[in-house]
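Enquirer: Below, each chain spelled out in residue letters.
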Amino acid sequence: MKRLAAIMAVASIVTVTACGTTGTTDTAQRGGGVYTTIDGSKQINASAPINPFNPVGSVFSGYNGMALAWPKNDPTDPNQFYPAIARSWSISPDRSEVVIRLQPNARWSDGVPVTSEDVRVSIGLAYTQGGTAYALDPKAAGAAADIQVVDPKTIRVTQGANRSSTFLANLLSTVVVPAHVFGKLLPANFWQTLKVAQHGQGAAAEKAKSQITGLAENVIAFDPGHDVSAGPFVLERVNPGAALLTRNPYFYARQNIVPDKVKLLNYTGNEQIWNYLIAGRLDNAPFTSVPTAVLDRIRDAKGSEVIKGYSPVAVSLAFNQSHKPYDNVHVRRAIAYLIDRAQVTKIASPEGGTPAVTTSGIHAKAARAWLGDAFDSLNQYRVSPAKADAELKAAGMTKRGGHWTLPDGSPWKVRIHVPASFSDWVAAAKSITSQLGDHGIDASVVTAADYTLYLGELADGKYDLGFWLIGLGPSPYNIFQRLYGQANGWQMFGGRLRHVAPGTEGNWMGGPEKADAGAAGTVDPGELTSKLNFASHDEQQRIVGVLAKVANEQLPVVQLWDYVNTQFVNTSRYTAFPPDDDESLRLSSGVWMQLGMIKKAEKGQA
Amino acid sequence: MTHAVPGRPRLGAVARKIGGHLGRGLAMIWVVATISFVIIREIPGDPVLGQYESLIQKGMSPEQAERATAVLYGFLPTGNLWQQYVGYMGSLLHLDLGRSLSTPGVEVTTLIGHAARWTVLPVLAGTLLSFLLGVTMGVYAAIKRSGKLGDVLALSGSLLHGVPVYVIGLLLTAIFATLWPIMPSGGPVDVEFVPGFNAGYIGSLVHHAVLPVVTYTLASYGGWILAMKSNVVAVLGDDFILAAELRGLRRGFVFRYLARNAILPLFTILALSIGMLFGGSIFIEEIFNYPGLGLLLVNSISSRDYALMGGTFLVITVGIVVANIAADLLYTAIDPRVRSGGAA
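The listed protein sequences derive, respectively, from chains A and B.
Every position in the first sequence, counted from 1, becomes a number in the numbering used here once 330 is added.
Every position in the second sequence, counted from 1, becomes a number in the numbering used here once 217 is added.
Isolated chain B, as found in the complex (with noise of 0.2 Å):
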């Protein structure tokens, strides 16, 4: 007779539960791309029609308009509604995004590509850079609840909270890249740096992204401060930290418990804006003219380019669904009473 040991589950559970979460997945994954094809074709408007008047807008002539224009049609999907699905879902089956409208006879998984490289470095290290200080001042704030810097920390967590991404961005390219134009105001690299590995091209890549990421990091960092507060508060209440402080323990060890425990709730969220990620940040890619997935999905709507605004709403979709069943996974890893199935 064996006993499982608690809060260790077997590796049959385990990829019992792993293959659950796939299978939800991927039937997610499903809805999300039928639904998305379907809302995708009745976006009202001719996308030839939009790129002939506005190479028009541009000063174009129509001749030059119609020339550049003609061919895009080719490009349009044919067929009936369902024929067009069933296309859909077999290129799809095969990772076949099908070619872009807007950038003509490009393959859409080339262009997620390309954005998704652009995305990821911003996104994600604004990401865990205001999560990083966001947790670590909220416990502060929580910690020195009756004190000053508790007032200021709270405080900055509350405005900044409250200011739109939008507004922040803004403001910085205002500052820093108008006024005082130390920061560049728009691409991710300067173009005279040779691509490598080479102290000018990365130092231009970090000097383009720190803009962006400061503006995520401050965007972010409200609400992570504001959750991490409210959580050591609350968990400063509970009995092991009182029993902890009465058996003499050190302030790091106790800092330590308080850390860990508060903490566990925000991993969850954590996790969903990494998958959220790949959705990219929308305004700060257009004020930064940063070119990742955000800014793709933008512009393949107002082109309606439906191969790719399609591609791009699935790999969102995806990124949302692996970042979900990663959480859960590891919520059930880091967390023993999700293990145990109650309360530890």
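Chain A extracted, bound-state conformation (with noise of 0.2 Å):
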């Protein structure tokens, strides 16, 4: 009994120890404290290797994760960027050749300073992993040509004959690693082989390009061991619960940095956001999906401040148009004449959202900067019965027994599916269901087990009816490739467009290939879409009038409603958070620091 008491005691001590204090930590402080947030682009990997090429890696953006630069929140331009490593850039008129400067006092957390080889050394990593800028294939949209190192701080980079309108914001997105720890990665004739692999002809080329391709596993899994950072942070220590981070002391802005450490705290789900937000442990949390309830709750947390900026992101309710009625517009438009999307955002997505103006597959405000006063002539398709009961006549159903009828006189069964974990989802989906079944429409919600099912299955065209996010800016091109791009049946092959028919290679949406766009006669959206790649501004614009345009009129999509960025912070111990609608809001809290904002509170603040 004895032993057992005084197990029991030191069990005790050694809980209270831990319980007591966050000090008995292995590194002095000197007094900018302990930042608490969350990484909102992933979950913490204790496992995964300290390496920005690995989706999971324990690099973080804006802390130890830097890039050439970091995207502002522009509602149309996705070319403007806050300078990171580079210090500034210039594109030439035709988009041919970059010239980017990089920061004169940037260094890596060991001492080492940064220069043009290793962002080098970083475009020969980024296309062992392919993708934008750095394709492999020649005829690609925006894809590296050539880069040339002019001296230690000053690299050029040269666009191949497709020249895309985001080639400067793809190349500006690259992560920066050291040559020094990474460029054992690539072997030494790589550039030889890059060359053959984009300029040289058959058999030759292709082995190149499979050589190339060949190095992305080892470079995914490639651990140096400990970090070597060249952002305002170096990382310490991570377990499955957190990542810890110290200043990097070499940092070209640490003049900015007021925090001595950082840590980013891990999450399984959104509860555990929300216990810490009500707890008043973040200094911190990225968008997060709240309830009314929870978010109440989280106001009255000491210091706790909610900041809003745009976010480029919408969601809608896609049509299957292979499926029918579906095909029939009029059936696409009695459904957006019948759902309230004031009602169905209050109820899905009240702080995360609002209510669509109408269908235009953009963003209200994005909407807006581009179109001007024409996105106020679009249908808004405001709720109306009567107008949606001329659709459905139009479409040749007929009502019996207060149900809608298909033409051929059986049941319409509208049946819309949403992946169970997504709550905002599933409710909006209840929500319209509920709308529909008021107006006589045998309407259900079908959920899939998870987001990977449920895509799997939208793609393979399963539903009639899901949900789907589009509007993802601020590139016109990304924008409406949600609409007509690969899920309506528009592929890139070779560098050619080509479409493919309904139900096969992921076209689930099944639209037609033409479309009628009024005044502008019969388009391709699709080619309109592959052609905002490559345009001028002024042509991009009359471009996203067309499909606007088109996408209000026929209806792919009955847009919902437009995310808001809604970020919580709390003041409780530090202030100079960015303002709502600022252009940083999108970034990480360390993208903050750099650029002057976080500052230590004042005792009693708050």
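Keep in mind that the hints were calculated from the coordinates and are not lab data.
Heads up, the beta-carbon is just placed ideally off N, CA and C, and yes, glycines get one too.
Honestly, I wouldn't trust all of these hints.
Just so you have them, the derived chain B footprint on chain A, three or more residues with Cβ under 8 Å [to be verified]:
no.: 1; stretch: 375 to 383
no.: 2; stretch: 457 to 464
no.: 3; stretch: 557 to 569
no.: 4; stretch: 572 to 581
no.: 5; stretch: 769 to 783
no.: 6; stretch: 787 to 800
With the hints as a guide, bring both chains together as one complex.
Expert: Shown next as structure tokens:
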């Protein structure tokens, strides 16, 4: 019994020690404190390497992960950036050449200067991963063609023949890693092999391509063992519950950085983030879907504040037009006239969304910037049972015994599919089915077990109607890709655009290849979307106008609500967070610190 | 002429018995590995598309999401199902479970090893604690079954047995991590402490394990107390207890007779529970962000990480098979009736 008591006493002391303080750490602090937050882009994985090329690697954007520059939250221009490793840049008028000048004082956390060679190696490693600016296919839009080190702090990158309007943006988003750590992953003949892959012919080019893509797995799996960062912080340690980062004494803008440490907490679901916020543990949490009741409790926490800004994403109810009766535009319009979007948003996303003004394929803020007054001339599809009746009758449907039936007299059953884990989408779908039910349409919600299953079945064309994210700005090409891209049958193949039949190769939206665009005549929406990649700003504006009109009239989707970037901050420990609608709002707290925000709160503040 | 001592089997017989168990265990592992291999690959959903759209959902730009996921195609299994199966079994013989898709490039064995240590601590502690508590209280509940104490104990068992584990977990989190935040609400240890044998780190480990262990203990306690009470009540009516009482044996001896006989069936369940601990406790790990095998399995399923799913299923299977064998052998050792093949 005495032994047991002794054990219990020791355990209690140890526990109290742990509960009582978090100050028993290995490094002295200088009073800047520990900034606690969440990385919204990924969950922490303590088993993953310290490698930004690994999607779950322990490199956190803005803290110990640095890009050449950080994108601003501009509604229309994807080429607006804040300086990071790149102090400045310029692009030639024909977009053929970008010159990037690096921060003169940038150093890695081991004291080694950041040079153009680091950027060159980073670009080389990015080629092994593929995509956008670093596609090996020379015909790919916006592919880089040549990388030249001008001097230790200047680098020039030229674009291939198919010049994309987002080349600069894709280039500036390049993550920079230290050449003296990651450089060994590139074989000595890498740049020669790359040249053959991009400009060679036949078997030699194919072999070179496979040699480069063959490096991908090694690059992604590489673990340097310890962090060498050019960012404001360096990873000190990571466990499955959190990552701890300490200040990088060599960071080029170290005078802007106030906290001594940053603690990134892990989470398995939104509930944990809510609990952290209610308990006042977080200095900032990125956008998290929050029910009103929980939001009220978060607001009650001492120092808790909410910042809101533009989020270039909207959610829609998408139709599979290869399934009857959704191939009929009158049916789609009838559904649009019956959905009270304000009601749906109020139920599903009261804090994180604003009801869509109409269906244009674009978030309202960006739509106004692109379309001007033309945005107001689009059909808003205000709730109108009478118009819905007229549309359904035009589609050949009839109402019998209070229920709408298909033209052949069989019952019409609307099945809306959503992933079970997205509570806001489930709530929205239930609200819609209720509204449709009130109008005599037999509608119900079907949930998929998880998002992966949902996307798989959606792509396989198994659903009549499903929820779909749209308006992914700021690039207009990305915005309309969601409506007139692969999901609707348009694919790039060998540098050429083609349209595949509905129900094949991921074409689940099943829309027609041509559409009536009123005064603009008959257009190919996929082709116009593709042109957005290369067009001048004026030409983009014209195309966006046409595509918004086509989307509004043909309704491949019904736009439900535009997301609002709702962030939580706590001013008890730190202040000077970005204000509402700031262009930096979608970036991490680490970037805010780099930009001179985040100051220590005075005692008694908040 | 030699006589085998009753109840003490010869070494050869023991070896044969263990050999038989091992053979059946390996066969079972092969069958489960084969079935799970086929089922896993039949689960619908494109893992790369899933990851791409999840990143979009989290606010990443399409270009960034494409960059982050394009390379994952290289981690997907290739070849037809039979070729994949042959490759999988071949690797399995070399204890190679493959590389993860959701943690690209990292060996599945590494991920399982990391997760296992966070599962074993709270689930084992919770299992043993609930067993000791439940068994002890079960004996009291049976002996005092006519009194108030017996009623209260039996009621506590029935109530806790009926409450789902996630309700207990959420309730404890709400009370001790949110309303009265004296306990951490997530993670296995505070990252600010330097890992090692120091008071701060160990204290933090204990501090973070309290709620998961208490949740697990409360969730399992009801089953143990009810089972033990029922067993003790059954044993109380046996002749040897009456004889012991008539012989005037001290109360402590009678209690030991009672407990030892009543506890026997529970040992099998305990051994199986310990085997099951390799499956982790999905709800507890999810609620407390405790990165054990249960959470690993859930995440591997949602991300369609075939190699990780297969590896985790395999570890759970091996755990249960080994526990089964251990339970069988343990039962033979502690119950003479089993050894002699009939009633003692």
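Enquirer: Now tell me, hint by hint, if it's right for this structure.
Expert: To see whether the hints hold, each was checked on the structure:
Counting residues of the stretch 375 to 383 of chain A whose beta-carbon sits less than 8 Å from any beta-carbon of chain B gives 6, enough to reach three: the coverage restraint holds. Judged by the Cβ-Cβ criterion of 8 Å, the stretch 457 to 464 of chain A is covered by chain B as claimed, because 5 of its residues qualify and three suffice. With a cut-off of 8 Å between beta carbons, the stretch 557 to 569 of chain A has 3 residues touching chain B; three or more are needed, and the interface restraint holds. Given as covered by chain B, the stretch 572 to 581 of chain A passes the check, having 3 residues with a CB less than 8 Å from a CB of that chain where 3 are the minimum.
A stretch counts as covered by a chain when three or more of its residues have a beta carbon under 8 Å from one of that chain; for the stretch 769 to 783 of chain A and chain B the count is 4, and the coverage holds. With a cut-off of 8 Å between beta carbons, the stretch 787 to 800 of chain A has 4 residues touching chain B; three or more are needed, and the interface restraint holds.
Taken one by one, the earlier hints all hold for this structure without exception.
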